[in-house]
Amino acid sequence: MTWERAGFALLAAGVAALPVFVSTAYALALLNIIGLYAIVTVGLVLLGCSGQVSLGQAAFYGLGAYGSALLSRGLGWSPWLTIPAATAAVAGVAYAVGLPALRLAGHFFVLATLGFGVIVNVLMVQLVPVTGGGNGLRDIPPLQIAGIRPATERQFYYLIWTLALGALLLARNITSHRTGRALRAILGSEVAAAALGVEVSRYKMQVFVASAAYAALAGAVYAHYIRFISPSPFALYASLFFLIMAVVGGLTNIWGGLFGAAAVTVLDQVIRAQVPRVFPRVGGEYQTAIYGVLLVVIMIFFPRGLVRGAIDLRHAQAHPLPVPGGTADAEPAEEWRA
Amino acid sequence: MSTLLPQLLLTGLTTGSIYALVALGFVLIYSVTGILNFAQGEFSMLSALVCATLLAWHLPLGAAALIAAAAVCAVGALTERLAIRPASGAHPLTLLIITFGVSMAFRGIALMLWGADPYALPEFTPGPALVLLGGVLIRQAIWAIALSLAVVAALFVFFARTVPGAAVRACADNAFASRLVGISPRRMSLLAFTLSAALGAVAGIVMTPITGATYDMGLALGLKGFVAAVIGGLANAPGAVLGGYLVGLIEALTTGYLSPGYGTAITFLVLLAVLFLQREGLVHGARRRPA
Amino acid sequence: MITQAALARRLTTIALAAALAAGLAASGRPALGQGGAIRIGAVFAVTGPASSLGKPEKDTAAMLAAQLAASGGVAGRPVQIITYDSETDPTKAVLLMKKAVTEDGVAAVVGGTTSPESQPMADYAMSAEIPFMSVAASTTLSVPARAWVFQMPQRNDVAAATAMQYLVALRVTTFAFLYRNDDFGQDGLVGFRTYARQRGMTVVDTEPFAATDTDLSAQVARARIKNPQAMVVWSTPPTAAIAAKNIRQLGMPVPILESHGIANRAFIQLAGPAAEGVVFPAGKLLVAGKLPAGDPQKALLERYARDFEAANKYAANTFGGHAYDGITMLLDAFRHVGPDKAGVREYLEHLRGFVGTGGVFAMSPQNHNGLSTKDMVLVVIKNGAWDIWR
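Chains as they are written, first to last, in my numbering: chain A, 1 to 338; chain B, 339 to 629; chain C, 630 to 1019.
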């Protein structure tokens, strides 16, 4: 436990000191994007702790963004007010969605989150008078941190990373205490957990709403950061990438959320920058193919994510997702490379 | 409105045939290996584009189609060997991400080789469209429906009457027991991927004369096929076929009668309602559905 | 206790992280001034849903970069064009623009393939005070004009106005409007609704569809019920071609008017016989060969088409042309005032009579697009080839 506390302190110190060494707008912007994605991914990992997988996080991210943008643009409220307001509102939406959705098992739950994501995206495109449709919303009011000028890249960096570290801390607290034990029990077996008196549906709802709130918070900050939003960054493809970040980091480890978001984003940027050096005159096609191959390679060599979970995933081998035929159960250690 | 319904039904049947094939491909791989193959749509894309290229090299359509399908089957087998096999035993989500990485790689390569523009394939039997009960059915759509049904029938015969087919079914039912009787799950995994690739190839080649083929057509196609497969129960081949037709019909009907803009959203709502109401996927209290 | 395998994994993780960090640090380029090279940043959607626009744009930039390398640059200074793939993602687009400006030291940026990408890029251009040549067509990018933002394509409302001339000439009073449900299609809808009202025409039906739809019979059937005298389709291939096919398959003999998005050979191939007689507005690139000898654009267009096809093995299209205009306009500015950002901005703002692929540009402080309906023609597809409609 103390290793983890030291690690967290080190991370916080590193985050605070980084802008001294890395100060171009690009580097700070990249770190800001990573920070926002990390918040979403940590939420996804929280959800993963109960064995649920969501393909709809981009919808919550987008709802937070549109919510805060519309409130501040339409009602003139300060973003400092609209960001928490939007986050709370989306949490409410998640509760309403979770009531029917969480009663579905395994793949059907995934499909429900996917469907929710599609429906939200369609609404963003269709409700033109409200959302601006495909053309999106421009001139979103800026966030002002110190004074009247819009926040700078550096100021956003500190804000976003404070939120990210806070999110990490909160998630860690959730998973290391009673809720965490309950979640681990649910992860192992919902039946056994219920038999032991764990209120399965209550805990599942808690992490579902929490993960949606995380995503919405990140989305709301995003809206005031980029100051232009449109439906396209909030589609299924984005949800898939959030999932990839979570899995690459390690789906049941909170730290994995942070590392996954960083690794996936940085990998993309590095590939796109470096490949033209090897193959001059080459465009994005090569990078996409190489990225795909690298993703496969990373998952083959790090199947449990880049950060080994503290939670013993052997219990999780009972599979939160039902696997017919018991394929994996039937092939334990001999097929598994440690 | 009287001419709308027959037209929508015919459209729904046509698109449903394609979705059924893709859904079958999903179900085949899932039931044998437990993997959700996100690259399923890419098999259709590759077969269509390879066929278009072979045609441009002046091969007759039949030969081009067969060679393209065979090539995609090889790609499917290679995918299983190179990307899936090394990760066998990993968590299903890891495998899902691997298949997503594979689909990205295929898309990138397709963009490199064929560029971003759409490609066309000629109709198998060019000619005027048929008018059926107030709706128009183009000839290629008949090919789509007929081929889809033929492939499904052939697949069922394969499963019911042949030894390899029985082996696949056994493996899907219970991998452990299958190993006890000497069936190799590894071989079955390879077979599943190859067969699924073949299914995807048929879907791709038969739909392209209607819709054109682009390097990124696999995404939407795979999504629809996935939805259809899950509706059908995901480990259930007849369910997948029915799911495919259901998705196609609901899509056509909601677009036609309710609102084209909200069509996709309404389709998903209806499907989710169906899922919820039939309770097949629900966790009854705390009881988990047996694997 | 830690196993050897686990130790190996941890070391690999650390090595991977270090490599990534090093790669990130090394991906910046040496600052401007080395050898006096002038750099242009080109951010296009080479992959993603808009790649059919972004790839020709990138390939045009690559072609020009090669030509510049061979000819020694501009005014004695070499010119480099650095391309970035925004993946049709507005977040990545503006991020890469920040990279181009703050790490790679570019003097100006061309790009923003789609309007959602161009919008935040334009905002950043204003705050970073760097000339930005947008290749997206949304009207709001240059109306109202913003100091550092210039727009290369004919605007969506201008294209709609040009297309409308066809309906006016045919004297139709009712038409149906089928459109792709995104910024492009929705812009077209607004434009057509406005012009229809002005001309006393009625839009009897509007039907949206998704870019990934594979069959549009439902939409066409719904429109057919309202008996329009013409069908307008506002999209790009493949849906634009599918719509045309469905319209003919459902037995509607009415004229089909499409958008400038079908200015691509693929449309003719995909639509087959349904393409016959389809009319659409376009820049003059497609019919360069049919232009009268005195047309100021003719020589440039033919040269561009020839060079592009030779370098890239596929036919040039108008989207690549927008990138061409953006870059050549910047080169013209560099030739006259050097790579000084404010100087370039000032120069561009007063540029008149500049011959590009999109038209003859007439910029002014209030008009940062400089094109009008006179820079577009109505093209008709006859016998599988393009001709000017009269």
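Hints in this document: simulated from the structure, not taken from any laboratory. No residue lacks a Cβ here, since even glycine has one placed at the ideal position from N, Cα and C. Be aware that one or more of the hints could be misleading.
Unchecked claim - Heads up, incomplete: computed chain B residues facing chain C, CB under 10 Å, no partners named:
1) Ala409
2) Gly446
3) Thr463
4) Gly473
5) Asp511
6) Ile548
Results of checking the hints against the structure:
1. Ala409: For Ala409 of chain B, the interface hint is violated, since the closest Cβ of chain C sits about 22 Å away, which is over 10 Å.
2. Gly446: 7 Å, holds
3. Thr463: 14 Å, violated
4. Gly473: 8 Å, holds
5. Asp511: 34 Å, violated
6. Ile548: 7 Å, holds
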